[in-house]
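Take the two lone chains, each set in its own frame, and fit them into one complex as the hints suggest.
Chain by chain, the residues run as shown.
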Amino acid sequence: MGLYRTEAVVLRARELGETDRLLVLYTRSEGKVRAVAKGVRRPGSRLAGLEPFTLSELQLFQGRELDRVIQSQPRRGFRPLREDLGRLAAASYLAELVEGLTAERDPSPALFQTLVAGMALLAQGPDPLLALRFLELRLSALAGFQPVLDRCARCGGEAGPRPAFAPAEGGVVCAGCRPVSGAVSLAPGTLASLRFLAAAQPGRVEVLRLTAGANAEMARALVGWVSYHLERRPRSLDFLEALYLDAPRGLC
Amino acid sequence: MSSPYALPIARLIDELCKLPGVGPKTGQRLAFHLLHRRPEDARSLAQAILDATEQIGTCSVCQNLTDTDPCAICRDSARDGSVICVVEEPRDLAAMERTGEYRGRYHVLQGAISPMDGVGPEELRIRELLSRVQGGGVREVILATNTDVEGETTAMYLARVLKPFQVSVTRIARGLPVGGDLDYADQVTLARALEGRREV
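Keeping their order, the protein sequence lines are chains A and B.
Residue 43 in our numbering sits at position 38 of the first sequence; the count goes up by one each step and never skips.
Residue 1290 in our numbering sits at position 114 of the second sequence; the count goes up by one each step and never skips.
Just chain B, with the same shape it has in the complex (with noise of 0.2 Å):
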């Protein structure tokens, strides 16, 4: 069947619809408000997307996408080399470093071990977190990965392969959410929060 559009505006609502979430319809509107738009907007638009496609790569330290190599935080020197935290996406880092509480720096894993899904081990960044610390000068490796099936499997896959390393594998707590209720947890929630308890 043939587009109802001019050739021009096919295509554009064609490329939209490739970017997740985006279906017939929101490609539709996307593609007319961008034709609303000054030409210069979409000209901007359109060279970010470039800039940032052609200037992004990973970082050879710590395998975060960057632009420049090694990544701001891999050559900041006022950070603590000796700490690594061990996150699953470039969005869990940025998450982190949100928190202002981390002073340390990172590991990104990019992706997490599924095995259902046939990730295993060697589709992530492992290799390159073990000559890290096998290179010397670590102390603690923090795992930070999701708290689901994934995170997990993949934080147990790491505290096994780092056990011959002489350095210190700690995991974030697990446990009830600030404003969480606790009549809503579930019991492997709440038993972690009953475990990881603080005197106050």
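So that you can see chain A by itself, here it is in the shape it has in the complex (with noise of 0.2 Å):
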């Protein structure tokens, strides 16, 4: 393929040597790859915008293991994620997010419109964390993971009045068939606001309005869910935790 032009969010930057700085991108046309953006550390480079969470339009060389950026047009920079730790920290959780969702080469065109979405909720969206639980339920189902909350995943009977959410079960269980561990108690309320966000766009997410007790139900079913699916806890999760622990609304 050679050269090519894609947009891309850049998920993750690593150091390089003494100049460089190794990428993970999120691009349209590609899905995830792994860029290589020579001398972007030196003053006055001319690779601009090549930082987390930043939108940019890119042009990159294939590479046999790596590609390299050649020119980058940042076009949206979120510049709130980089001035309020908390959607800050948010943003992390979403780059690892889909960073572990995705494999590489295997280009989504509605997952990377959910990350550039799910970026703008976190940058504007009155709300970060609601917004972290809508974009666990999305990015998992476009990686093909949706977890079933329409009925009990185990026996396809009514989740009934006592409903529970076991990862591991594939969803929301019924009382009759929730199992001894792992399984996190859902109010029906909750139950209806996991539905509500796994059908919302984007823009309608923030509608929703939360008790605490249900914020920190639907936390634990969806990182449950994800950590299930990603096979281990996401790291920025610890940060976000701890800088939402003395905040009002529930934990993530």
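Hints are computed from structural coordinates only; laboratory data are not their basis.
All values derive from a computational prediction rather than experimental measurement.
Cβ atoms here follow ideal geometry from the backbone N, Cα and C, with glycine treated the same way.
Warning: the hint list may mix true and false statements.
[Stated by the list, open to error] So the derived label-pair ranges between C-beta atoms look like this:
id	chain 1	residue 1	chain 2	residue 2	range
1	A	216	B	1270	48 to 54 Å
2	B	1185	A	85	56 to 62 Å
3	A	8	B	1206	35 to 41 Å
4	B	1270	A	201	53 to 59 Å
5	A	62	B	1190	42 to 48 Å
6	B	1225	A	246	39 to 45 Å
7	B	1213	A	89	52 to 58 Å
8	B	1211	A	8	43 to 49 Å
9	A	85	B	1351	17 to 23 Å
10	B	1294	A	161	35 to 41 Å
11	B	1350	A	146	34 to 40 Å
12	B	1274	A	71	30 to 36 Å
13	B	1294	A	71	20 to 26 Å
14	B	1350	A	153	45 to 51 Å
As structure tokens, this is what we get:
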């Protein structure tokens, strides 16, 4: 393919050698790609906007192992992500989720759009934590792990008056099918909110108003869900939780 | 597979290859270079490595690498102890010193917060900084961490935890580099440069 041009969000950047940076990008046309930005750490480098969470129009050269960034034109910097600690920590978590849930060179334009919409929500929305819950649901669905929410994932019957969320069972379970461990009890209202979020458009997410209890339940369920599919607990969560621990709203 | 080299050479190559950026080919090249030099050169290199690793520790005040405790900067009475410049790494301190513009003291965090890599505030020397500020006599804390995401995260976090103390917390300016091209700057940099404009 050689040279190609695409939009990309930088998920992660790591120093490489004296002046280079190794980037993990999520591109519109190629999906997740690892690329080197040569000389980008030199003052006056012409490769601008290759910081994490930035959306840029890039020209890349496909290499055998790593691609190389030839040109970059930043499109959206999502500036509030750099100026608010809580939003920045949330964006780190979003980037980690996308990196963890996708394979290299497996493009999904819908996932790309969700990522960009997600960064915008985290940058400007009034409630970054609620936005994360929506993004956990949407990204895992796009990556092929959509939780069953409309019935019991095990017996197929009604979720009933005392539903629970069990990642290993594939979603919501009724009281009779609830496993001994690894399940989070959900109030019926929380289940309704989960269903709403699973079907919502990014712009509609924040019409939802949750109680602290519902927030905490939803967070436990969905963090459990993505951790189950990533096969590890996302690393950014510790910092995010530490930041919001003393906040009046629910945990993440 | 057995090495084609005599054991001492193979061992030397092996050790050199543990250094960052040194692969097998470079390791071989360095090993043969050392073998072709005078024996006293090799001894002097070995001694320098030993001395550095054995004599260098961290300064109990600023956490910089030093061979004396407190370090030369913390002991220097001509420096202004009421201003602390916080940097990520010892090499950042060296960069600040090269400007010749700063006469206060430092604090070296020994890293930056990186949530994605699981590096949290407790992995850095933040507690030591807080107890220095708590100890009194500090007027200003300058946050001179990098302007990348990790550096910004660290600076915002420090600003938050330093808030309860009666000190002024400042962040170094971010904007265009000297010799930089306006056309190639990203929006965030340009916006910051515009905000930080000065009357001439």
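**Prompt:** Between residue 1294 (chain B) and residue 161 (chain A), does the beta-carbon spacing fit 35 to 41 Å?
**Reply:** Check passed, 39 Å falls within 35 to 41 Å.
**Message:** A range of 48 to 54 Å was offered for this pair. Does it hold for the Cβ distance of residue 216 (chain A) and residue 1270 (chain B)?
**Reply:** Holds, at about 53 Å.
**Prompt:** Could one say that the CB atoms of residue 1350 (chain B) and residue 153 (chain A) fall in the range 45 to 51 Å?
**Reply:** holds, 47 Å
**Request:** Could you tell me whether the CB distance from residue 8 (chain A) to residue 1206 (chain B) stays inside 35 to 41 Å?
**Result:** holds, 36 Å
**Item:** Assessment of proposed distance window 53 to 59 Å (beta carbons of residue 1270 (chain B), residue 201 (chain A))
**Value:** Taking Cβ atoms as reference, residue 1270 (chain B) and residue 201 (chain A) lie about 55 Å apart, which means the hint holds.
**Asked** Has the hinted range 42 to 48 Å been met by the Cβ atoms of residue 62 (chain A) and residue 1190 (chain B)?
**Response** holds, 46 Å
**Prompt:** Given a hinted range of 52 to 58 Å, is it respected by the beta-carbon distance of residue 1213 (chain B) and residue 89 (chain A)?
**Reply:** holds, 56 Å
**Message:** Quick check on a hinted range of 56 to 62 Å for residue 1185 (chain B) and residue 85 (chain A), using CB atoms only.
**Reply:** For residue 85 (chain A) against residue 1185 (chain B), whose Cβ atoms are near 57 Å apart, the range 56 to 62 Å holds.
**Message:** Between the beta carbons of residue 1211 (chain B) and residue 8 (chain A), is the distance compatible with 43 to 49 Å?
**Reply:** holds, 45 Å
**Request:** Return holds or violated for the Cβ distance of residue 1294 (chain B) and residue 71 (chain A) against the range 20 to 26 Å.
**Result:** holds, 24 Å
**Asked** Is the gap between the beta carbons of residue 1274 (chain B) and residue 71 (chain A) within 30 to 36 Å?
**Response** The hint (30 to 36 Å, Cβ to Cβ) holds, given that residue 1274 (chain B) and residue 71 (chain A) are roughly 33 Å apart.
**Hint check for residue 246 (chain A) and residue 1225 (chain B) - Cβ pair distance inside 39 to 45 Å** = holds, 42 Å
In summary, this structure violates none of the numbered hints.
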